[in-house]
Every structure is written in C-alpha cells, then in structure tokens.
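Q: Given next are the chains, with one letter for each unit.
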Amino acid sequence: MSKLMKIFTGDSFILSIVAIIMGLILGALVMLIGGYDPFEAYSALITRVYGDSYNFGEAIREMTPLIMTGLAFAFAARTGLFNIGGEGQFLIGMTAASIVGIHVHGLPVYIHAPLAVIAGAVFGGLWAAIAGYLKAARGVNEVISCIMLNWIGLYLSNMIINNYALLDGENRSVDIQPTASIAIGWLSEMMGNARVHWGTVIALLAAVFFYIFMWKTKQGYELRAVGFNQDASKYAGMNVNRNVVKAMFISGAFAGLGGAFTVLGVFGYQSVMASSPGTGFDGIAVALIGMNNPFGIILGSILFGTLTYGSAGMSFSADVPPEIVRIVIGAIIFFIAAQGIVRWVLKPFYAKRKKEKVL
Amino acid sequence: MDVLTIIGQLINTTLVFATALIFTSLGGIFSEKSGVTNLGLEGLMVFGAFAAGVVGHYAQDAGMDAFSAATMGLLAAIVLGTIVSLIHALASITFKADQVISGIVINFLAAGSTLYMVKLLFDGAGETELIAGYSRIAIPYLSQIPLLGDAIFNAYPTTYLAIILVFVSFYVLYKTPFGLRLRSVGEHPSAADTVGIKVNRMRYIGVMLSGALAGIGGATITLTTTGTFSHNTISGQGYIAIAAMIFGKWNPIGAFGAAVFFGLAQAVRNYVQLFAWTQSIPPEVIYMLPYVLTIIVLVAAVGRSSAPSALGQPYDPSKR
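First to last, the sequence lines map onto chains A and B.
Going by our numbering, the residue at position 257 of the first sequence is 257; the numbering climbs one at a time, nothing skipped.
Going by our numbering, the residue at position 224 of the second sequence is 224; the numbering climbs one at a time, nothing skipped.
Pulled out of the complex, with its shape left as it was, chain A reads as follows (with noise of 0.2 angstroms):
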C-alpha cells in the first residue's frame, strides 16, 4: 500500500497531472479562440463517457486495444528499442485472428476462441520480430524497418482477407465462427448492446504480466540491461542479439493481441482497409502518458480513450469539432516530454515546499 502512495505521489506522477491539466487548459485556450465554450464541450464529452452504460462500454471498448498497443511499444522501449511497428503487428494480429476465426469449423468455444487469440499474439509477434531480426542480423534501423513494416502489414492483410475470407459484393471478411467470438454476450444485454469483451480483462492481465516479467523475472532483467546498456550487457555475457529479437517478438504479440480483440469481441469479421487504422500510433502516445508503465499505460488508455470517445459527444451536443482531442492529447505528450516546462511552470510552489521544510 505504500508503494502505492508512492507512486501517486511521486514526481513524475506530479508531473504527469501538471503536465495534462496544462493539456487541457490548452485545449480550452484553443476553444475559446474559436469561439466555443470550453465548459459545455468538456462536460459534453465527460457526459457522453459516463453518462449511461452504453457509452461506457463503448468507451472501454475502445480504450482495450490502445492498452495493447500501449503496452507493446512500452515493452520495447524498455529495452532500448523504438517499436513504431506498433500499426503493422495490430492489423498481421487481426489478420491471423480472421483466418483462425473463420476458416477453422467444429471446436468448441473454450478451444476455438483461445486458439483465435493466441493466433493473433503469435502472428504479430512474429511481424515485430522480423524488424528485430532484421536489427540484430544485419544492423537496420527498426524505426525504418518497421514503417516498411507496417505498409507491407496493411496490403498482406488486404491481400489475405481479399484471397482467402472475402464476403462476396463486399469489401470485409465474411463473419468469424460464433466459437470464436469473444464477446461478453449478458454483461453486453446488461450495458445496451454495447461491444463488451474479454479482450478488456486480457488486455488488464497482460499489464500485469509486462509488469512482473520486467521487473521480477531474470528474463525481464537481461532484456532491461541490453535496452540500459548494449556494450555492458555484451561484457556481462548476455546474448544480446537474441534479445533484441525476443523484445521485439514479445512487444509485437501485445500488438497483435490488440489486433485479434478487435476483430474477435468487436466487429467479428475485417474490413479491407485503404489505409492503417492508426491503432499503432495512438499506442505510443497512450505509452509515452503513462511513460512507458505499464500501470500507468491503464491510466494513459482511460485519459486517451475518454477524449476520443467522448469527442464525439462533444461534437454532437455542443458543436465542436471533435479533432480539438488530437490538440490536447499532442499538448499533453508535449508537456510529458518537455518536463522542463513543466518544472518551471511548478517552480514557484516546489520553492514555496522547500522553505515550509525549512521551517
């Protein structure tokens, strides 16, 4: 309990508050220039999340992939790698979670649906670890690797359901098997039929499981001293490119995760798509919220998904454009990066703290 207290009232925790009320009060700043009233719009958008239960179902569902893509580019930023493939492993997981959900016929529901999910894990782990490969083997820079990465996910994909799923006169997937659904079929009934799923209470089980495999294991560690120091790691015995590759792999599974809830608790089939969901990305900013914690990645999905679903409500009761959330979302990661803003933006109270101790 009191790690807990520590970490509430720890400074960057401070920091990050500082850092999103400044966010906000930006986005306001902004309203206020364009002529809108901040108050209505941001308690348009608080009403719209947790007003009735629909919205807010509706509003985990969305925040659910934002914590697996959170996660994955978290993971590999712990251990000095630049995971912005994030895209890519989301949809090659969505994909591989299609193929599994639709073509495999006669399991029951508690072999069918697993099968689908780690499906997915596997497949967009496999895409990340081949820009780890790639890293490791023949010294190519990820980011690159992987932005190529994700355009070639995005036509594999298109590729794959057009070949192999699609439903005729269309542009998706025919639906995935009912055994392989993961939805919540009462707690949906019970919340308005909104898109419930145990993707929610994955996503929530693999914040923990980053957290104790980082932090608690020897494999968490060796992988943490390659990211901390590659050479020293080297010195130390640790096999450093294979870690590189094992990173990747496990970051890109939490992508793809992300990708299979999509597909197998939300819509239940794929759409062939014109360009990238965007998943990927808004996963690095939900990480680099919760600076790359796994716990504070919750935090950062709750805050981002709340301003992107709630955005819409804005736009409807109170008439303003709902891309002002993309302002205060960049705000936010701005003040979170640039903390030296931040603390000068404190300093007078950290003074005012100083000379209360000295008395």
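Don't take each hint at face value.
DSS-like, lysine-lysine: derived pairs with alpha carbons at most 25 angstroms apart [said to hold, decoys possible]: (1) B/K249 / A/K135; (2) A/K347 / B/K96; (3) A/K135 / A/K234; (4) A/K246 / A/K135; (5) B/K96 / B/K198; (6) A/K234 / A/K246.
Which stretches of chain B does chain A cover? Using the computed rule of at least three CB atoms under 8 angstroms from a CB of chain A, they are [to be verified]: (7) 232-241; (8) 282-294.
Distance windows between CB atoms, simulated [said to hold, decoys possible]: (9) A/E170 / B/S235: 15 to 25 angstroms; (10) B/N232 / A/I21: 30 to 40 angstroms; (11) A/P114 / B/N232: 29 to 39 angstroms; (12) A/T217 / B/I7: 56 to 66 angstroms; (13) B/A62 / A/V272: 39 to 49 angstroms; (14) B/L293 / A/D175: 35 to 45 angstroms; (15) A/T217 / B/V195: 47 to 57 angstroms; (16) A/G192 / B/A62: 44 to 54 angstroms; (17) A/K234 / B/R201: 32 to 42 angstroms; (18) A/E189 / B/K249: 54 to 64 angstroms; (19) A/I21 / B/F178: 41 to 51 angstroms; (20) B/F178 / A/V272: 41 to 51 angstroms.
Hints listed in this document are in silico derivations from the structure and should not be mistaken for laboratory results.
The beta-carbon is built from N, C-alpha and C at its ideal position, and this holds for glycine as well.
Since the structure of chain A is already known, use the hints to place chain B on it.
A: For chain B alone, coordinates are given in the frame of chain A:
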C-alpha cells in the same frame, strides 16, 4: 496505348509523386545532419498542405491568377512549417526532451489542429474548397526532345524547384562553411562547441529548415495533385520521406534517388492493370513492392547505419 506513351506517362507521374518526397527528405537531412531526429516530418507536411490549401483558396478568391495564388500558398506553407518546427526545436533542443517524442507531438498536433481550423474556416466542412493550383510548364526546346522531352521537361514548377534544391542542398551541406558547421554539431557537438560554433543555434536552424522544406513538400501535394486539403491529403508520405532519407544515406543526391524510386513505385500502381501479363499479379503485391524492396536494399547494400553520430542526443555542455 503504345508502350512508349505509357513509359513517358509513367516517368511524368513518377516525378509528380517524387516531388513532395524530395522536398521533405531534404528537410529531414538538414535536421538530422544537425543532430536532431525529426519524426515530425509527416505533421509538418500536413501543416504545409493545409497552409497551401487555405491561403491558396483566399488568394484565388481575392482575384489572383492560379499561379500567383498557388505561390502564395507555397510561401504560407514555408512560413507555417517553419513556425511549427520551432515547437519541435524548443522541446528537443532547449528543453532536452526526447526528440522522437517531440516529433510525434508534431504529428498529433497536425492531425488535430489543421482539421479544426479547416472546419472553423469552411463552415464545418472537412476539406478546403478546390483551387486550381499549379499547372505544368513546358521548358522550351528541351520539351521537344522525342519521348523524354515531354516526360521530364513538361512538369509542375515545384518539380523543377525540387530538383534544383537537391543540388543547392548538396552544395550548402558539403561545400560551404555553414554546411560544415551544421554537420559538425551533428557529428561531434562538444568539439564544435570548443571551436566556437553555437551548437544549439545551428540545431535550431537545421530544424527550421526541415520545417520549411517539409512545408513545401506538403504544399506540393495540395497544389499539384489534390487541389484541396483534407484529413487524408498526406497519408504516410512524411514517413516515406524519412525512409527515403535513410535509404539515401542522409545525402541529398541519395535521397533524391530514393524519392524517385518511391515515386516510381507509386506511379506503377496506376499502370499495372494495363497489360495482360501483369493482371494475374494481385495488386496488393505491387503496392507492397517498394517497401519490400527498401528492406531488401537496406539489408543487402546499405549495411550498418551512416547516421550522424550525435543524432538524437540533446547537447549538454557539462558532459564530455
């Protein structure tokens, strides 16, 4: 259509697609040579495309002819790109934030604020009104050359400007004292500091140049290809420009080659269904090709990275 006409059109379309990438990857080079990673090129392009669409529209409304209106849009894109790049510079140079993160911030701000402003200015519509933009200019005599003349020398003015800037950039970076200073703060900032070069000031200049050039890159798309600005005017072009820069080993000529390569790959899509023998190939394979080829080339030829050695590290004079 006979094959020669198709090849001619293909070259022409390639140049159109490549132009925006050339500007933007040149911008990336200036920023990264000074030691500042710029992942915000995508966002800077969005701002440039936005400025060109809005200012171009108002200039045209005010009675300017298409060329002047487009040029006003282009200038506005330079100004806005430069201003926005200052956010990245402020965070990553002055406040020593993670450069990758502050680049991503630019992308987020771009997506949100441009559409927000478009909706404010155009009564809630998600895009700017259509403008004429630039039209092609044929260079006298040169465009008369059979086949190649019409393919290369009948292009948009932006394409000519891009090609000129490739050589200007090369000259500035490698043949002038300014270029030497810029590169030195990206390779070894403390050594540069020792000989009296203002490291942070040089980096500010590098980032601002990247903002100006990426702004033009974005404007190019509005002014030659789409004629309007909407949420998908720039979809991933900035990231491809980053790839072109790395592909071209941070050298303007190399980046130009890479940009043409990506432009060709995009142009090929338009023609691939024309021939019987190519129709059996799934179109997605063609779409994937440039990205797969990039990876193959990176693995085979480029080898270990040739990035500026101080790239991504804020300069801290107290560290040696």
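Q: Run every hint past the structure and note whether it holds.
A: Evaluation of the provided hints:
no. : hint                                : verdict
1   : B/K249 / A/K135                     : holds (17 angstroms)
2   : A/K347 / B/K96                      : holds (18 angstroms)
3   : A/K135 / A/K234                     : holds (16 angstroms)
4   : A/K246 / A/K135                     : holds (12 angstroms)
5   : B/K96 / B/K198                      : holds (16 angstroms)
6   : A/K234 / A/K246                     : holds (16 angstroms)
7   : 232-241                             : holds (count 5)
8   : 282-294                             : holds (count 8)
9   : A/E170 / B/S235: 15 to 25 angstroms : holds (23 angstroms)
10  : B/N232 / A/I21: 30 to 40 angstroms  : holds (33 angstroms)
11  : A/P114 / B/N232: 29 to 39 angstroms : holds (37 angstroms)
12  : A/T217 / B/I7: 56 to 66 angstroms   : holds (59 angstroms)
13  : B/A62 / A/V272: 39 to 49 angstroms  : holds (43 angstroms)
14  : B/L293 / A/D175: 35 to 45 angstroms : holds (36 angstroms)
15  : A/T217 / B/V195: 47 to 57 angstroms : holds (49 angstroms)
16  : A/G192 / B/A62: 44 to 54 angstroms  : holds (52 angstroms)
17  : A/K234 / B/R201: 32 to 42 angstroms : holds (38 angstroms)
18  : A/E189 / B/K249: 54 to 64 angstroms : holds (59 angstroms)
19  : A/I21 / B/F178: 41 to 51 angstroms  : holds (42 angstroms)
20  : B/F178 / A/V272: 41 to 51 angstroms : holds (49 angstroms)
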